[in-house]
Amino acid sequence: MSEPAKTIRTTYREAMRQAIRDAILRDPRVFLMGEDVGRYGGCYAVSKGLLEEFGPERIRDTPLSESAFVGAGIGAAMGGMRPIVEIMTVNFSLLALDQIVNNAATILHMSGGQFNIPLVIRMTTGAGRQLAAQHSHSLEGWYAHIPGIKVLAPATLEDARGMLWTALEDPDPVLIFEHGTLYNMEGEIAADAGPVEIDRCAVRRSGTDLSLITYGGTLFKTLEAAAELSKSGINAEVLDLRTLRPLDTESILASVARTHRAIIVDEGWRSGSISAEVSARIMEGAFYNLDAPVQRVCSAEVPMPYAKHLEEAALPQVPTIVAAAQRMVGERG
Amino acid sequence: MSSQPKMVRPTIEREHAMHLLREMIRIRRFEEKCAELYSAAKIRGFLHLYIGEEAVAVGAMQALEADDAIVATYREHGHALVRGISAESIMAEMYGKQQGCSRGRGGSMHLFHAGMRFYGGNAIVGGGLPLAVGLALADKMQGRARVTACFFGEGAVAEGEFHECMNLAALWKLPVLFCCENNLYAMGTALGRSESETDLCLKASSYEVTAWPVDGMDVVACENAARRAALAVRSGDGPCFLEFRTYRFRAHSMFDPQLYRDKAEVEQWKKRDPISNFEDTLRTAELLDDQSLKTIEEAVEVEVAKSVEFAEASTWEPVEDLCKFVYSEEKQQ
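The listed protein sequences derive, respectively, from chains A and B.
Under our numbering, think of the first position of the first sequence as 1, with each following residue one higher.
Under our numbering, think of the first position of the second sequence as 1, with each following residue one higher.
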């Protein structure tokens, strides 16, 4: 058989940067625009060095005008380009909500299928860095409410490296949510890692006793919780949703059919959330497979506080996931 | 100086004059029929009539080439007709039929046509401006000498998107022709009641956008201004802003009792009716007689009647197709 694949050591940030480089090199229609993506090198340094490599036409610094540059991305996409628009954080994306929800998500439909919008919007999401209530929220589930857009949440290095190209090949608008705590994550990745599919969940750890369903920044907390649980003989499966819209319901139900128990771990608030949606789909599609009611571990329903101890208390943590799982499995007869 | 009356232009060719007149009459009669059909409940939803403002769309559209783009508002029947979208497909759209120019998915406020590069009626005030900026960006990045004409009302200047887009279009020297149709009322709010500075050209020029006002009741003035502006825009001088000073003779929509303006004011503006005034001018210049006007009116009557017949005979999209055009059916290139 073939030689073992070569691997390289990289970070989530670097994987994302290579994905952008790769896209710009592959396709002359691709360009990156957003606040401070050029001279500053990106708020989270994802685009560092790209201005020097590709110049100001393809690495475009924009004014602080989220609505204008997101809308310009939509227009440019309709005009034959393949823009990657970077918004610094999900909280700032609310200033462009009109363009995302009223235009990007609707124009294909309103035009009776005449104008598709091949646009990718990337933004940082999530808490854990003491950035308080205007830089820390997880609103990706909110975007997943909207028909007409696709919502991705790459958690692994492979997905950070591979989702962007697939998103750019998609004919419709795709939003990519990058959890802020993941950028420094380091690990091994295949040297030739490339595009990945964006239609399916991934089982990140196989198990038989319960399904821990999560995505994005909480994936690694959940994997840590699963490792902890294994010490007490609980064999948890960890399912990474990867794509929040459209949801891969089939894989979710298949996991629940194997384990008969499910806990959804989500950094978003629980009310009206993606965790609520996943829970509802399990009820609709796998109710008779369940040995226990679906549970959720979500963020406390407060705007994210600044103080470290309060922020930690507001977020899903390994011990809370472990405790919820032990309660659920302990209830088995 | 010459003592010639202002409007008599010996240089205007009779054929072109007839064309301008015919186009304005087409809009007027088409919309009168729409109002009638609205009362007969054949057309539903919101219906915003352009009657009184015809000179703007007709004049401005003369400056555009086949591969230029148009972004319009929810008051866009006139623009669509003059651009060349058939009266039949517009009327069918108003009826909600699948032969409509947006397959019945858009209605009166969302007329689209890919072949005509007509990027829709946008029903969020100001929402079309970022799209126009993006379309122009795509042209500029791809080295095409095209113009994107963006129509919007004076109400849009109160929106943040207006200011963001003036700045971005000027900053990047993008080929956008901003066509502000100042009909003095944003729905029912008079300009002076909503703006601290009512000089719209001053606002645009403060962003280094070349701007000047135009008599929006004079089709020749509209055409001349648009030609001059489009020439500058096309040659790479950056965006232009034209303030077309016009007036809406009818209510904002079919639900508007017009409590916010005096009947006397409306009557005063009707004396400046762009159609009858242009007719008078042409008669004075001996370019129009009763017979030629009759010929135009009769041809338009036939066109409008045919559009209604077409819409009546058109079919409803099968309900099974409801969820089409949310996402593209085919992968793109």
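There's no promise every hint is true.
[To be verified] Within a straight-line C-alpha distance of at most 30 angstroms, the following computed DSS-like cross-link-like pairs (lysine-lysine) qualify: (1) 173/B to 203/B; (2) 48/A to 173/B; (3) 140/B to 270/B; (4) 308/A to 48/A; (5) 48/A to 42/B; (6) 42/B to 203/B.
[To be verified] The following residues of chain A were derived to be distant from chain B, with all beta-carbon distances above 12 angstroms: (7) 57; (8) 102; (9) 113; (10) 172; (11) 200; (12) 204; (13) 205; (14) 291.
Just so you know, the hints here were simulated from the structure itself, not pulled from any lab data.
These numbers were taken from a predicted model, which means no experiment stands behind them.
For each residue, glycine too, the CB sits at the ideal point set by N, CA and C.
For each hint, the structure was consulted:
Taken as a hint, the residue 173/B and residue 203/B pair is honoured in the structure, with Cα atoms around 17 angstroms apart against an allowance of 30 angstroms. Using a Cα cut-off of 30 angstroms, the hinted pair residue 48/A and residue 173/B holds, with the two alpha carbons roughly 26 angstroms apart. This hinted pair does not check out: residue 140/B and residue 270/B have alpha carbons roughly 41 angstroms apart, beyond 30 angstroms. This hinted pair checks out: residue 308/A and residue 48/A have alpha carbons roughly 29 angstroms apart, not beyond 30 angstroms.
As the CA atoms of residue 48/A and residue 42/B are separated by approximately 58 angstroms, the hinted pair breaks the 30 angstroms bound. A hinted pair counts as satisfied when its Cα atoms are at most 30 angstroms apart, and residue 42/B with residue 203/B does not qualify at roughly 41 angstroms. Annotated as non-interface, residue 57/A brings its C-beta within 12 angstroms of a C-beta of chain B; the closest such distance is 7 angstroms. Interface exclusion of residue 102/A from chain B breaks down, the closest Cβ pair being 5 angstroms apart, not more than 12 angstroms.
Non-interface status of residue 113/A relative to chain B is broken: a Cβ of that chain comes within 12 angstroms, the nearest being about 4 angstroms off. Its beta-carbon lying about 5 angstroms from the closest one in chain B, residue 172/A breaks the requirement of being farther than 12 angstroms from that chain. No beta-carbon of chain B is positioned within 12 angstroms of the beta-carbon of residue 200/A; the least distance is around 16 angstroms. At roughly 27 angstroms from the closest C-beta of chain B, the C-beta of residue 204/A stays outside 12 angstroms, upholding its exclusion from the interface.
Residue 205/A, annotated as away from the interface, keeps every beta carbon of chain B farther than 12 angstroms; the closest lies near 31 angstroms. Residue placement check: residue 291/A keeps its beta carbon more than 12 angstroms from all beta carbons of chain B (closest about 35 angstroms).
Comparing the model with each earlier hint shows violations of hints 3, 5, 6, 7, 8, 9 and 10; every other hint is respected.
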